[in-house]
Amino acid sequence: MSALSALARLEAVRAGRAQPVATVRHVHIADAPLVLVPLKLAGEAAAPLAVMAGAAPDAPSLLIVPQPRNRDQRFAFAASLARLVLNHVETHRGEVEELPGKDGEVRLRYGDAPQLLVPNRGGVRFLRLLGRSTRFRSTEGAYAVDAAVPVLGRWLTWFADRHDHPGSSLLGAATELLRLHWATGQSSLEDGNLAALMGWIDPPDGLDGPSAAALAEDPVRWPPAGPATDPTFDNEVLAPAIAAYDRSGGDARARERLRAAIETQVTPTWELMWRAVGLLRALPEAAGVARRWERDRDAFTHYHQTFGEAYPQARRDPPVRAARRLHDLERAQEAYEAQRAFDDPLVMAEQRLTGAAFGGVVTECHPERLDETGKRPKLRPLLRVATGDPVRLEPGTPVCSAARPALKGRIVEIGGGGVLVELTGGLGRRLVPEAGVVPVEGDRVCFTSRTEGSFGIARFPDREDTPWTHGGPPEDYVPTADDAREDWS
Amino acid sequence: MSRPPLMSVPHAANAETGPAPPETDPARAAGRVVADVLADLGGGHRGVVVDSPPGAGKSTLVVRAAAHLAAAGERLMIVAQTNEQVDDLIDRLAGKHPEVPLGRLSASGYAPSDRVRAHPAVRVAQKADDLAGQTVVIATAAKWATLQDGSWPWAIVDEAYQMRSDMLLRIAGRFERALFVGDPGQLDPFSTVEVERWAGLSWDPMRSAVSVLLAHNPDLPVHRLPVSWRLPASAAPVVSDAFYPFTGFQAGTREGDRRLEFGARGMGTTYDRALEEAAATGWALYELPARHTLRTDAEAVQATAALAVRLLQRGPVAHSEQGTAGVDAARVAIGAAHRDQVAAIRAALGPHGAGITVDTANRLQGREYDVTVVLHPLSGRRDATAFHLESGRLCVLASRHRHACVVVARAGIPELLDAHPSTEPVRLGVPVKFPDGWEANQSVLAHLAAHRVPAG
Numbered sequence: 001m002s003a004l005s006a007l008a009r010l011e012a013v014r015a016g017r018a019q020p021v022a023t024v025r026h027v028h029i030a031d032a033p034l035v036l037v038p039l040k041l042a043g044e045a046a047a048p049l050a051v052m053a054g055a056a057p058d059a060p061s062l063l064i065v066p067q068p069r070n071r072d073q074r075f076a077f078a079a080s081l082a083r084l085v086l087n088h089v090e091t092h093r094g095e096v097e098e099l100p101g102k103d104g105e106v107r108l109r110y111g112d113a114p115q116l117l118v119p120n121r122g123g124v125r126f127l128r129l130l131g132r133s134t135r136f137r138s139t140e141g142a143y144a145v146d147a148a149v150p151v152l153g154r155w156l157t158w159f160a161d162r163h164d165h166p167g168s169s170l171l172g173a174a175t176e177l178l179r180l181h182w183a184t185g186q187s188s189l190e191d192g193n194l195a196a197l198m199g200w201i202d203p204p205d206g207l208d209g210p211s212a213a214a215l216a217e218d219p220v221r222w223p224p225a226g227p228a229t230d231p232t233f234d235n236e237v238l239a240p241a242i243a244a245y246d247r248s249g250g251d252a253r254a255r256e257r258l259r260a261a262i263e264t265q266v267t268p269t270w271e272l273m274w275r276a277v278g279l280l281r282a283l284p285e286a287a288g289v290a291r292r293w294e295r296d297r298d299a300f301t302h303y304h305q306t307f308g309e310a311y312p313q314a315r316r317d318p319p320v321r322a323a324r325r326l327h328d329l330e331r332a333q334e335a336y337e338a339q340r341a342f343d344d345p346l347v348m349a350e351q352r353l354t355g356a357a358f359g360g361v362v363t364e365c366h367p368e369r370l371d372e373t374g375k376r377p378k379l380r381p382l383l384r385v386a387t388g389d390p391v392r393l394e395p396g397t398p399v400c401s402a403a404r405p406a407l408k409g410r411i412v413e414i415g416g417g418g419v420l421v422e423l424t425g426g427l428g429r430r431l432v433p434e435a436g437v438v439p440v441e442g443d444r445v446c447f448t449s450r451t452e453g454s455f456g457i458a459r460f461p462d463r464e465d466t467p468w469t470h471g472g473p474p475e476d477y478v479p480t481a482d483d484a485r486e487d488w489s
Numbered sequence: 490m491s492r493p494p495l496m497s498v499p500h501a502a503n504a505e506t507g508p509a510p511p512e513t514d515p516a517r518a519a520g521r522v523v524a525d526v527l528a529d530l531g532g533g534h535r536g537v538v539v540d541s542p543p544g545a546g547k548s549t550l551v552v553r554a555a556a557h558l559a560a561a562g563e564r565l566m567i568v569a570q571t572n573e574q575v576d577d578l579i580d581r582l583a584g585k586h587p588e589v590p591l592g593r594l595s596a597s598g599y600a601p602s603d604r605v606r607a608h609p610a611v612r613v614a615q616k617a618d619d620l621a622g623q624t625v626v627i628a629t630a631a632k633w634a635t636l637q638d639g640s641w642p643w644a645i646v647d648e649a650y651q652m653r654s655d656m657l658l659r660i661a662g663r664f665e666r667a668l669f670v671g672d673p674g675q676l677d678p679f680s681t682v683e684v685e686r687w688a689g690l691s692w693d694p695m696r697s698a699v700s701v702l703l704a705h706n707p708d709l710p711v712h713r714l715p716v717s718w719r720l721p722a723s724a725a726p727v728v729s730d731a732f733y734p735f736t737g738f739q740a741g742t743r744e745g746d747r748r749l750e751f752g753a754r755g756m757g758t759t760y761d762r763a764l765e766e767a768a769a770t771g772w773a774l775y776e777l778p779a780r781h782t783l784r785t786d787a788e789a790v791q792a793t794a795a796l797a798v799r800l801l802q803r804g805p806v807a808h809s810e811q812g813t814a815g816v817d818a819a820r821v822a823i824g825a826a827h828r829d830q831v832a833a834i835r836a837a838l839g840p841h842g843a844g845i846t847v848d849t850a851n852r853l854q855g856r857e858y859d860v861t862v863v864l865h866p867l868s869g870r871r872d873a874t875a876f877h878l879e880s881g882r883l884c885v886l887a888s889r890h891r892h893a894c895v896v897v898a899r900a901g902i903p904e905l906l907d908a909h910p911s912t913e914p915v916r917l918g919v920p921v922k923f924p925d926g927w928e929a930n931q932s933v934l935a936h937l938a939a940h941r942v943p944a945g
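Keeping their order, the protein sequence lines are chains P and Z. Residue 1 is where the first sequence starts when you use the numbering used here, and the numbers rise one by one after that. Residue 490 is where the second sequence starts when you use the numbering used here, and the numbers rise one by one after that.
These aren't lab readings, by the way, just hints derived from the structure by calculation. Note that the coordinates shown come from a computational prediction; the quantities given were computed from them, not determined experimentally. Even glycine gets a Cβ: it sits at the ideal position worked out from N, Cα and C. Among these hints, one or two may not hold up.
Per label pair, the in silico range of CB-to-CB distance [said to hold, decoys possible]:
| hint | chain 1 | residue 1 | chain 2 | residue 2 | range |
| --- | --- | --- | --- | --- | --- |
| 1 | P | A481 | Z | V684 | 23 to 33 Å |
| 2 | P | D443 | Z | E683 | 32 to 42 Å |
| 3 | P | H366 | Z | G689 | 49 to 59 Å |
| 4 | P | R69 | Z | G689 | 26 to 36 Å |
| 5 | Z | G639 | P | E294 | 53 to 63 Å |
| 6 | Z | R754 | P | G442 | 51 to 61 Å |
| 7 | P | A45 | Z | D619 | 54 to 64 Å |
| 8 | P | K102 | Z | D619 | 27 to 37 Å |
| 9 | Z | H808 | P | R459 | 46 to 56 Å |
| 10 | P | L86 | Z | S602 | 26 to 36 Å |
| 11 | Z | G639 | P | A435 | 13 to 23 Å |
| 12 | Z | G945 | P | A45 | 36 to 46 Å |
| 13 | Z | E904 | P | P390 | 23 to 33 Å |
SDA-like cross-link-like pairs, simulated, lysine to any residue; straight-line CA separation at most 20 Å [what the hints assert, rightly or not]:
| hint | chain 1 | residue 1 | chain 2 | residue 2 |
| --- | --- | --- | --- | --- |
| 14 | Z | K616 | Z | S602 |
| 15 | P | K378 | Z | S597 |
| 16 | Z | K547 | Z | A524 |
| 17 | Z | K922 | Z | L703 |
| 18 | Z | K922 | Z | S680 |
| 19 | P | K408 | Z | G598 |
| 20 | P | K378 | Z | S680 |
| 21 | P | K408 | Z | S597 |
| 22 | P | K375 | Z | K585 |
| 23 | Z | K616 | P | A458 |
| 24 | Z | K616 | P | K408 |
| 25 | Z | K547 | Z | D525 |
| 26 | Z | K922 | Z | T912 |
| 27 | P | K375 | Z | G598 |
| 28 | P | K408 | P | P474 |
| 29 | Z | K616 | P | G456 |
| 30 | P | K102 | P | E294 |
| 31 | Z | K585 | Z | T624 |
Simulated coverage check for chain P against chain Z, where a stretch passes if three residues somewhere in it have a Cβ under 8 Å from a Cβ of chain Z [said to hold, decoys possible]:
| hint | segment |
| --- | --- |
| 32 | 284 to 298 |
| 33 | 307 to 321 |
| 34 | 459 to 468 |
Given the sequences, and given the hints that come with them, work out the whole structure.
Set out below in structure tokens:
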């Protein structure tokens, strides 16, 4: 925990209310996100019990599995969920944009993309497992499932994979999104409880954060946000209702009673989810969000367009794909952290406190200085920035301006309450800087060493050139009937 | 019947098992392992792995193996992890074997350091084609990964335990056979993202290059250098027991071979007492009263800096198998876990401590000093996270010295450890890591308890 977030937490305790740790919203919130509140059967890894789903607060659909141990019912449930999710995916593509691509070709990008929101990390894990258990199902032969089931599995897997991608907004967990913007006076573990977290951020009238969070501990008032259910509910309500349904032989009234019981467990979380969406939506959007959402739309366009010709995602990444994916994730992480700090002075303040960035007033400026040591002169303006920040950077460290990241520089010396920076890039092409590019004396500036793009483009061997150190080239995947085989407990 | 020669394992020798003693002469034990390694290079294996504990002559081995392969007429690439390490190797190799044509492949922004410029025969280039005539080409792994083609019959991968396996994947196409050298006890490679999806895969890109290599090629010969030439007799058993519990190593010198003396008498302060304890026994634990603090604990930072300055003021003289020499600031290092701690200690050192190296464990890897002062990673903490428990971090900090190590810590770390047992989830297919950081920390603290000097 950084000193700044520790301070925000202490202030939250004193104020009895969550404190902002961001001045702008760093995630995209769709106009109509598909909110999913999943529940699973206790004791099972991913046996679905119910999902409340919908893209508007007043129109939830509640899908249930009356006997979650029954495989046929599970996949019937998956088929109805599939229709709901796939319908959302297909109706949230927006207009198709045509962009100039490589070699004069036209590249397509959908104008919008579907966004899924779940209450917490457990919800993401559940969707990932549900995707894993449905994407290989066979639609013919023994144990055939509805044709929509494996399609749902592939989409859920894709959403869960995008969730791993730093800065992606395609699948979000409400607790994570809220914690990105507010600090509470409770522990991180307690922040995982959506009701308690919302209690701190937006306590009901007449209550403060701690008392609202204390109320959230009562599972009768605030049932767990899933996917695990409250054990007392399991024992006293759910188990008898499922048993009654079994005894009735699938009677509609027994099913309705079960459904009503489950509805009491998900409805409070459903309402919390939309309140959380409202809170997030009320924040002004950060400048970098649109750019990251563009990347999300690119990924969505690509996956949607190649869906027909691709196999279900492999159970395991082969060596080259694993290495590539890790590289992509690390690059995205670096870009995401840099962009958040550029967009938000409160995030930048954390970097300044750790000494990775510094801000202050320009006290000295030589905008037209030339470096003439090389073959031809180069424009290298010098800036001296007076700062009280605890700068912990070595001379020679590359930095960039927070206000305009294209303006790049290098630390020359640090000392005497100031930092001397040599500007090296983003000045224009000529030997005189473009107007307004170089800060002048008296300007407030902020430079950071956490820049984007330090990774560059990485080269990886082709799959068939996987080296001996990593077991050699993996065998080509050929779909077989065995793919659908599963050890059913 | 003659017994096979044992790898020397300290404390494993016992009198009942028979008359044949384990190899006790360290020079002969180490020489035999090096000879075995060089023999294996000609043995038709695709890879050879050499584990090296701290100060066991890893760089010397790399230089010898490089010269050995070059003498056999093989073209050779050497992979190091940082530019610093590359320059170090060039300096050693060019100094010891000036007849071997040597090239340094580097990124466009690289300016040759003094150590490289001291050897004008070494060619520095940005493209591999420009170095086609050089028998040995050295570069960082990141630079090697930018090459699209070209192939070398042999590679030597230095610090292979600090290289991530995805990097090995990217450079493995450049060589046919390779010698992997590294220290399994130091810090594991890390990633800036937390993803679980590859846990348990034998090619997990977050694991170290050596563990992935051995998972796919279990028959490769693995050698262990048995002697630490750096660590004194007072430290080798402690570090060996805590961090290399199953393989072990011994000190290259005996008790009494190394001595640390002070030119100036102390004034009886607690700093003096801690330094005298360290000079006499090789270890001291300067213990501040128990307290929960910020990471940059002002008192601990002050004590760490003051101990190092006081050490220099006492005019220390080191006697060792290499002769007698005064210990100046260049031979003293201060280690800490975090960069902000390092910055705070640097600021606290003042002019009397000018020239003392202060750095994090990551940056101190592979370096050697006469005396070290270490701010314990768990000092003043409320919790023991995986970062602070990582055995490699403490291992690096506790194994940089030739004579003595002074550890600065708040009281109460054993209790903190007891309150925070390792809770990392156990995953299928992931090899259990030894030593466990928790256990290693307890082991070192148990030893330090006998060298405790309470502050104030």
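Against the structure, the hints come out as follows:
| no. | hint | in the structure |
| --- | --- | --- |
| 1 | A481/P - V684/Z: 23 to 33 Å | holds, 31 Å |
| 2 | D443/P - E683/Z: 32 to 42 Å | holds, 39 Å |
| 3 | H366/P - G689/Z: 49 to 59 Å | holds, 57 Å |
| 4 | R69/P - G689/Z: 26 to 36 Å | holds, 28 Å |
| 5 | G639/Z - E294/P: 53 to 63 Å | violated, 38 Å |
| 6 | R754/Z - G442/P: 51 to 61 Å | holds, 57 Å |
| 7 | A45/P - D619/Z: 54 to 64 Å | holds, 57 Å |
| 8 | K102/P - D619/Z: 27 to 37 Å | holds, 31 Å |
| 9 | H808/Z - R459/P: 46 to 56 Å | holds, 52 Å |
| 10 | L86/P - S602/Z: 26 to 36 Å | violated, 60 Å |
| 11 | G639/Z - A435/P: 13 to 23 Å | violated, 47 Å |
| 12 | G945/Z - A45/P: 36 to 46 Å | violated, 56 Å |
| 13 | E904/Z - P390/P: 23 to 33 Å | holds, 32 Å |
| 14 | K616/Z - S602/Z | holds, 19 Å |
| 15 | K378/P - S597/Z | holds, 17 Å |
| 16 | K547/Z - A524/Z | holds, 14 Å |
| 17 | K922/Z - L703/Z | holds, 15 Å |
| 18 | K922/Z - S680/Z | holds, 18 Å |
| 19 | K408/P - G598/Z | holds, 15 Å |
| 20 | K378/P - S680/Z | violated, 37 Å |
| 21 | K408/P - S597/Z | holds, 18 Å |
| 22 | K375/P - K585/Z | violated, 36 Å |
| 23 | K616/Z - A458/P | holds, 17 Å |
| 24 | K616/Z - K408/P | violated, 27 Å |
| 25 | K547/Z - D525/Z | holds, 15 Å |
| 26 | K922/Z - T912/Z | holds, 13 Å |
| 27 | K375/P - G598/Z | holds, 16 Å |
| 28 | K408/P - P474/P | violated, 43 Å |
| 29 | K616/Z - G456/P | holds, 18 Å |
| 30 | K102/P - E294/P | holds, 18 Å |
| 31 | K585/Z - T624/Z | holds, 15 Å |
| 32 | 284 to 298 | violated (count 0) |
| 33 | 307 to 321 | holds (count 5) |
| 34 | 459 to 468 | holds (count 7) |
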